[in-house]
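2 protein chains.
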Amino acid sequence: MLSPVTPAFEAELRQILPATSFKEDTAPYLSEPRGRWAGQGFVVAPATVDEVAAVVKACAAEHVAIVPYSGGTGLVGGQLLQEGAKPVVLSLERMNRIRAVYPTENVLVCDAGVILADVQKAAEDVDRLFPLSLASEGSARVGGLLSTNAGGVNVLRYGNARALCLGLEVVRPDGTVWHGLTRLRKDNTGYDLRDLMIGAEGTLGIITGATLRLVPRPASIGAAMMAVPSPEAALQLLAMAGSHIGDGLSAFELIHRQGFDFLAEVGPDVRQPFTELPEWSVLIDVGLPKGLASQDALEGLFEAAFGAGLVTDGVIAQSLNQRQELWDIRENIPEANRRIGSISSHDISLPLSAVPDFIKRGGEAIAAIGAFRINCFGHLGDGNLHYNVFPMPGLSRADFMAERQLVKTALHDLAHGMGGSVSAEHGIGRLKVGDLERYGDPVKLAMLRAIKDALDPAGIMNPGAVLRQPA
Amino acid sequence: MLSPVTPAFEAELRQILPATSFKEDTAPYLSEPRGRWAGQGFVVAPATVDEVAAVVKACAAEHVAIVPYSGGTGLVGGQLLQEGAKPVVLSLERMNRIRAVYPTENVLVCDAGVILADVQKAAEDVDRLFPLSLASEGSARVGGLLSTNAGGVNVLRYGNARALCLGLEVVRPDGTVWHGLTRLRKDNTGYDLRDLMIGAEGTLGIITGATLRLVPRPASIGAAMMAVPSPEAALQLLAMAGSHIGDGLSAFELIHRQGFDFLAEVGPDVRQPFTELPEWSVLIDVGLPKGLASQDALEGLFEAAFGAGLVTDGVIAQSLNQRQELWDIRENIPEANRRIGSISSHDISLPLSAVPDFIKRGGEAIAAIGAFRINCFGHLGDGNLHYNVFPMPGLSRADFMAERQLVKTALHDLAHGMGGSVSAEHGIGRLKVGDLERYGDPVKLAMLRAIKDALDPAGIMNPGAVLRQPA
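Protein chains in written order, with UniProt numbering: chain X, 1 to 471; chain A, 1 to 471.
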């Protein structure tokens with residue numbers, strides 16, 4: 001049984017931490033980006049790993065739950081405990097130092113509370129790239145990005161957050177500290193604790209520091225938007241891009257016309273590249289070595305693809321500004337979606353070759369439920385679709401609360417049946433615990449539970465996230 | 001307590017498996033590549049995952065230990081149980097089917113007993129590359145490669161075995177099967193069991209199948225060998241290669257003159273590329289997209305490096321044959337080492353920028369013990385040195401058994417003190433259990449033990465590997 005934070009426990013924490021460590025128990029700590037649920041908790045913001053360890057030890061002694069709070073941008077409620085004994089919300093915001101940068105090694109070591117954009121900036125300052133890039137990069141922090149194994153637009157080339165981390169510093173649920181901040185590229189000494197902590201959503205310990213992998217900055221970067229006749233053609237274009245451009249392919253994003261229509265309807269305002277809006281288009285981003293210009297590579301790809309009937313129209317950015325304009329389209333689609341207001345949004349991944357069939361069958365399944373608008377877009381190179389369902393013009397999401405669960409179940413059943421995942425990059429949090437139970441292999445679930453019980457026997461770390469709290 | 005395989009238990013296994021599943025209890029199953037230790041066990045070779053599960057269930061019921069046996073090429077004794085109750089040695093050799101290849105997805109699914117060279121061949125057949133490449137690729141099998149998180153020459157570009165695996169099928173220590181053979185690029189649904197099993201050296205379960213990641217074949221491949229004035233210069237050349245060639249850099253191998261001298265002394269015969277043998281040289285391998293010839297890229301790099309004083313001489317391969325000749329030098333060094341006979345060999349990794357200092361201080365530490373020849377070579381791009389110590393000419397390794405432990409401890413202490421690892425890519429097995437205990441963070445060791453106890457409570461899976469058996 002977990003105990004709530006009591007006035008006596010608060011007083012104890014005030015003995016342990018300096019006065020600057022205490023925050024008002026208000027939003028943003030207790031709300032989430034879409035404003036759908038509210039949390040509870042006593043908010044503390046320690047500034048060092050030793051302070052984090054001291055808080056955790058105090059909580060462990062009293063069986064008080066801890067909810068780690070990073071940038072607060074998660075979409076599945078992993079940062080919010082709605083019910084049960086009032087927890088400590090442990091914010092990483094004051095652990096925001098870049099500890100060291102090693103340009104020769106392509107390595108950066110930082111606190112877990114550093115904002116992603118600040119990591120990107122620190123890499124740029126030494127002529128390197130930290131390639132993790134996603135919509136919330138101005139507020140998401142390293143600890144949360146690692147705890148959710150964040151994805152974003154460059155996974156195709158550089159992998160997800162997991163692939164960009166070499167080492168971790170973690171405060172365990174008993175308050176001991178695992179000093180795993182290695183700068184090594186290779187270290188086969190025992191089980192892979194790093195990757196176990198990454199993606200554990202704060203349920204096995206608190207990440208307080210990380211060694212991150214930087215990469216060389218490509219000599220020539222560029223982008224193109226190409227209209228494709230179908231999702232199948234987009235997949236063939238992806239394979240063709242692989243044989244032309246290889247590892248130089250940084251992103252391959254699918255966009256449906258619905259995204260353009262939403263942007264035209266509610267903004268944000270973007271420059272539309274096509275004379276006639278295609279049903280499907282892709283945004284291709286490349287970064288190439290010295291001696292090969294991005295425009296040339298993209299023109300070569302376009303010509304080959306046009307000859308093969310895989311593209312019908314296209315725009316190749318002739319400058320970094322034009323490249324940014326193309327990206328503005330892609331990056332503003334989530335904001336347009338928010339303005340329209342989705343009935344249900346999904347973070348689906350599929351085996352690549354199953355994507356076209358999923359799009360077709362998903363549309364049929366939704367049509368069987370009712371008349372909706374579908375905006376399907378996302379990271380096609382990773383088989384990751386953000387498949388969002390919206391009301392028809394003039395109606396609002398509130399009109400469809402009854403259909404919402406039907407839509408969700410239909411799409412998740414379909415994805416699962418096709419070998420897909422119902423959480424490609426957002427994680428389980430508390431929102432998808434039921435999905436994990438419904439779709440997860442029972443042997444896998446037993447292993448998850450065994451690991452949780454072994455590493456957090458008292459169950460104080462982010463209880464109810466990923467795994468349901470034992471009754 | 002574990003029970004030995006008895007005649008009654010053998011009879012039970014003969015009821016479960018067809019007669020073709022039983023092998024003679026001889027080498028190679030009970031020996032290792034360098035012939036240093038002998039194992040024991042009753043050898044079975046099931047042909048399907050269900051047969052593996054049946055064997056494991058029988059063993060679990062009787063508390064009989066299981067030693068998984070893959071290609072048998074491991075260098076740390078993970079495949080050999082020397083003492084204690086006679087185990088079942090479970091060979092994967094009959095699970096050797098490529099299950100499916102998905103060229104569009106860059107995915108291949110196979111049994112764990114497939115030999116690495118056969119995976120490479122299957123990828124080539126569909127114009128793709130499976131980039132894991134190492135000396136033992138003609139006999140090493142997928143299960144062992146994953147269980148040891150194998151490295152090799154292309155880790156710099158493509159990552160180690162872990163980075164090339166999307167999903168696993170695993171028989172757990174209770175005989176249940178985790179069906180995790182996903183073809184997904186992204187799947188954030190629960191803890192990362194895949195990466196926990198990868199590198200666990202068969203102590204948490206038996207990998208029976210894997211989904212592997214293929215990559216596009218680079219349009220132009222090539223190599224160069226360049227003489228560098230020092231390890232420091234080699235590191236600066238590596239950084240320069242990153243800015244010129246970026247992801248196109250496939251391998252960056254350091255070679256000391258001692259390697260050339262050994263090849264000249266005992267063979268194998270190779271074509272020596274330099275007119276005057278340099279103290280240090282590097283082998284650089286590249287794979288580039290369409291529109292950029294490897295020779296041009298390597299020439300550009302050489303000119304820039306020569307101008308900066310980072311290289312003094314160099315040979316750029318003008319054909320695939322010449323590229324192979326350069327690689328033959330690198331790949332025959334381990335065989336020359338074997339013929340000379342090392343007193344002690346090491347698989348060290350270091351933070352990249354610590355490599356030159358380690359080489360200097362390592363040499364001093366060895367000189368303080370006695371007069372030896374040192375062959376230091378390896379994957380500089382990964383900070384991974386194969387640092388091997390040999391007797392002076394006319395003497396043999398048998399003359400230095402007393403010094404052996406001194407050498408080992410001096411080098412391992414030094415690497416550990418500089419933030420390095422004493423097992424970069426070979427794993428812990430049984431040979432390095434003491435090293436893990438000596439150098440491992442105690443909090444890390446407690447976590448390893450908790451995970452082992454949680455996932456294999458009876459302790460039947462490869463007992464004594466990675467972690468010492470409880471007394």
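There could be a bad hint or two in this list.
Because identical chains cannot be distinguished in the list, a pair is counted as satisfied if it fits within a single copy or across any two copies.
[Unchecked claim] Once the Cα atoms are required to be at most 20 Å apart in a straight line, the calculated DMTMM-like pairs of lysine to aspartate or glutamate come out as: (1) K290 - E124; (2) K444 - D192; (3) K290 - E303; (4) K360 - D313; (5) K444 - D50; (6) K360 - E331; (7) K23 - E299; (8) K444 - D174.
I should point out that these hints are in silico values taken from the structure, not numbers from a laboratory.
Hint by hint, here is what the structure shows:
1. K290 - E124: Answer is within: at 18 Å inside a copy they meet the 20 Å cutoff, but 28 Å across does not.
2. K444 - D192: Close inside one copy (17 Å) and across copies (10 Å); limit 20 Å.
3. K290 - E303: between (22 Å within a copy, 13 Å between copies)
4. K360 - D313: Classified as neither: same-chain Cα gap 23 Å, cross-chain 59 Å, threshold 20 Å.
5. K444 - D50: between (34 Å within a copy, 17 Å between copies)
6. K360 - E331: Classified as neither: same-chain Cα gap 25 Å, cross-chain 50 Å, threshold 20 Å.
7. K23 - E299: Neither. Shortest intra-copy (54 Å) and inter-copy (59 Å) distances fail the 20 Å Cα cut-off.
8. K444 - D174: between (25 Å within a copy, 13 Å between copies)
Taken one by one, the earlier hints fail for this structure at numbers 4, 6, 7, listed in ascending order.
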